[in-house]
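*Asks:* So the sequence lines, in the order shown, correspond to chains A and B. Taking numbering that gives the first Met the number 0, I'd label the letters of the first sequence as residues 0 to 489. Taking numbering that gives the first Met the number 0, I'd label the letters of the second sequence as residues 0 to 235.
One thing to keep in mind: the hints can contain errors.
To be verified - Label-pair distances were calculated between CB atoms; the ranges are:
| id | chain 1 | residue 1 | chain 2 | residue 2 | range |
| --- | --- | --- | --- | --- | --- |
| 1 | B | K9 | A | Y457 | 56 to 66 Å |
| 2 | A | R12 | B | A206 | 23 to 33 Å |
| 3 | A | G423 | B | E130 | 51 to 61 Å |
| 4 | A | I366 | B | G147 | 48 to 58 Å |
| 5 | A | G460 | B | T62 | 43 to 53 Å |
| 6 | A | P1 | B | K57 | 25 to 35 Å |
| 7 | A | I376 | B | R228 | 37 to 47 Å |
If you are wondering where the hints come from, they were derived from the structure by calculation, not from laboratory data. Bear in mind that the values here come from a model prediction, so they are computed numbers and not experimental data. The C-beta atom is built at its ideal place from N, Cα and C for all residues, glycine as well.
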Amino acid sequence: MPVLVKIAIRNLREHRSKTLIIGIIIAIGITVMLLGNSLMETAARGVQRSFIDNYTGHVMISAQTEGGISLFGRQGAQTGNEEIPRIPDYERVYEYATSLPEVKIATSQVSGFGLFSFEEKGNQFGILFGIEPENYRSMFPESITVVEGRYLESGEEGILLSESKIKEIEEDIGIVLSPGDLILVSGIGPMGFRIRELPIRGIFRFDQEVEGLSQINFVDAQSLRALLGMVVATAGQMNLSSEETSFLELENPEDGLFGGSIVELSESQAQNVSEEALLDILGERQSGSYTAQIDAGAWHFILLKLEDENQVDPVIAQLNHWFTTEGIAAQAADWKVASGGFGALADTIQIVFNVLILIIAVVAIIIIMNTLVISVIERTGEIGTMRALGAQKRTVRRMFVLETLSISIAFGIIGVAVGATTIGILNLTGLPAPNPFLEILFGGKVLHPALPLSSLLYALGIMVAIGLVASLYPVAVALRIQPVQAIQAE
Amino acid sequence: MDIVKLNGVKKVYPLGKVTVEAIKGIDLCIEKGDFISIAGPSGSGKTTILNMIGCIDKPTEGTVEISERCTAEMRDKELTSLRHEFLGFIFQSFNLIPVLNVFENIEFPLLLGKDKTSKKEKTQWLEYLIEEVGLSEQRIQRPNELSGGQRQRVAIARALATKPEIVLADEPTANLDSKTGEAIIELMKKLNREQSTTFIFSTHDPAIVSIADHVIHLHDGLVVEEQRRQRDAGTR
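For reference, chain A alone in the conformation it holds in the complex:
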């Protein structure tokens, strides 16, 4: 009814102070929402992209475990105490997963934690991703750039160290490592520590540097299996050399390792059994003598990239259904699970943001509601007169809803304009992440927030909803006004 629109708009103009109070709240609310939503959505996309494209793919298949499992291990990303179970019936699982039409490419991975040992100079911690190099590179072609040396080649043993790890070692240990050097790596497996000397094939950096993931280093899968003690059930026979045999005759060989020098215990053998030799025996520093025992078919994870991102959930459901049907104790999960705590961070922040929105909404609703109730009370005579003249309750309701909508839309547009301009400026200048936490959240060092139409509609929708909810009680008050109050009003 045009006259109601006329009345609504003129009333808003007449009561400028009230209109401004409500309007400013709406404008600020919508600006905050638009900005927050845009930042969150852009960040979420950034995080998602950096994980899917660089480390996780869309779907991760692992063995069934109690509690959480990610590419970094069990129980979150930071602990290495729990052994990651191998995927049972790996060949069949891989074959089935890669046969799905939605699956574009797949790669398998072994994950573990390692200590880079520099003898008495100290140790450095690192996350080890055991990969099949060619396959892994096909899956994540733009994940890393080799800055020195070269990429791992299939079938060879070796390690790719991250640039940041090289720097850490240089700063903390004082050793400058280069491709071609050998590095002593200790792995933790169910059978204890295993030590291996691996040639550094190259030094790399992630194209999207995210501080939390700079601990990742790539190693050939077979070496990592050896480090983690992923052996076949029956150990092969070992032929010990005379030096090794003589060492085993020692009364307390552990003392030699952890207590003092072997030389002190047995002078006669001091010339023959060096610390190096001891490490060879305990740690199998060279691959040759132990190769037969390593389970070459053991993998912790199969990572899948799909043709279409929207197929993630159906593919996961299909895989899990197949595992159940076939009685295979495996499970499929999405990139957030695969990335451990890092991917869930975006969700957590989103929840915090939503709570913030809820608080803003409640505060806005209360203020708008109060202002409208005062307005209704002031207009009791006018409303009573309208009712006396034959205005139905729905007409009165429409009048107030129109007022609320007019104010929501008018100031909503102002809020959108302010928000969109701010986002535009931030998009041009970029929003730098001042700390590693925000780097993870931003999916990189700088965030260029975008303004998707969905965010715009969401913000406008929320503000209109706030306006309508806030008008519910005042409208109810208005509808309680009886026509007879027109007579009583001055």
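Given chain A, put chain B in place with the hints provided.
*Replies:* Below, chain B without anything else, positioned relative to chain A:
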């Protein structure tokens, strides 16, 4: 034909812990086309009677019938429709919509219902009313730009806009100068004759009382005297 019937109407208002009996039992019949004045001193129950006839208040006891329709059983929606279709109101304190101008205020009741008359006819009718109440030059002014008398003339024109069968006026000339008041009464009387519109007034104004066809004198919530005159007898 009786257009308004009040049967044993009582109205009791709560006033703190006590109750005030504003109407103590009134039986009343008003014929279609009546020009009726409800007269009486302040507090005698004039406004209460008008409110109940106008379906904006309900009796505590007894029944009110408008055009042979008993209002007691009606729901709010039906009562609102009844007010819109059958009744026009002139309030003592004008009760104009402050954000609408003279023309829009008068037009407002026409916009509340489904009226079949053409826009042209409506406009002609509204212009006629504006001219009749002498506000042609003020048609785009807001109520706060008008004098008290002018505001009441807008209210009178608005009450007549929907061509109601009954116009209820609570002290309609109370805020008008005598010349304007007489002109307004003449207009009402003219409409009363031409449209057969029933006019019911509460008033202290002897000028209106003297031209009424039917005068009901109230005192302390009771009818103390009822006078019927020959129709048009009061026309000057």
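*Asks:* Work down the list of hints and note, for each, if the structure agrees.
*Replies:* To see whether the hints hold, each was checked on the structure:
For the pair K9/B and Y457/A, the supplied restraint of 56 to 66 Å holds, since their beta-carbon distance comes to about 59 Å. Judged by the Cβ atoms, the range 23 to 33 Å given for R12/A and A206/B is violated: they are separated by roughly 41 Å. Separated by about 57 Å at the C-beta atoms, G423/A and E130/B satisfy the suggested range of 51 to 61 Å. At roughly 37 Å, the beta carbons of I366/A and G147/B sit outside the given window of 48 to 58 Å.
The supplied range of 43 to 53 Å is met by G460/A and T62/B, whose beta-carbon atoms lie about 51 Å from each other. The given range of 25 to 35 Å is respected by P1/A and K57/B, whose C-beta atoms sit roughly 33 Å from each other. Between I376/A and R228/B the beta carbon distance is about 45 Å. The supplied range of 37 to 47 Å therefore holds.
Comparing the model with each numbered hint stated earlier shows that hints 2, 4 do not hold.
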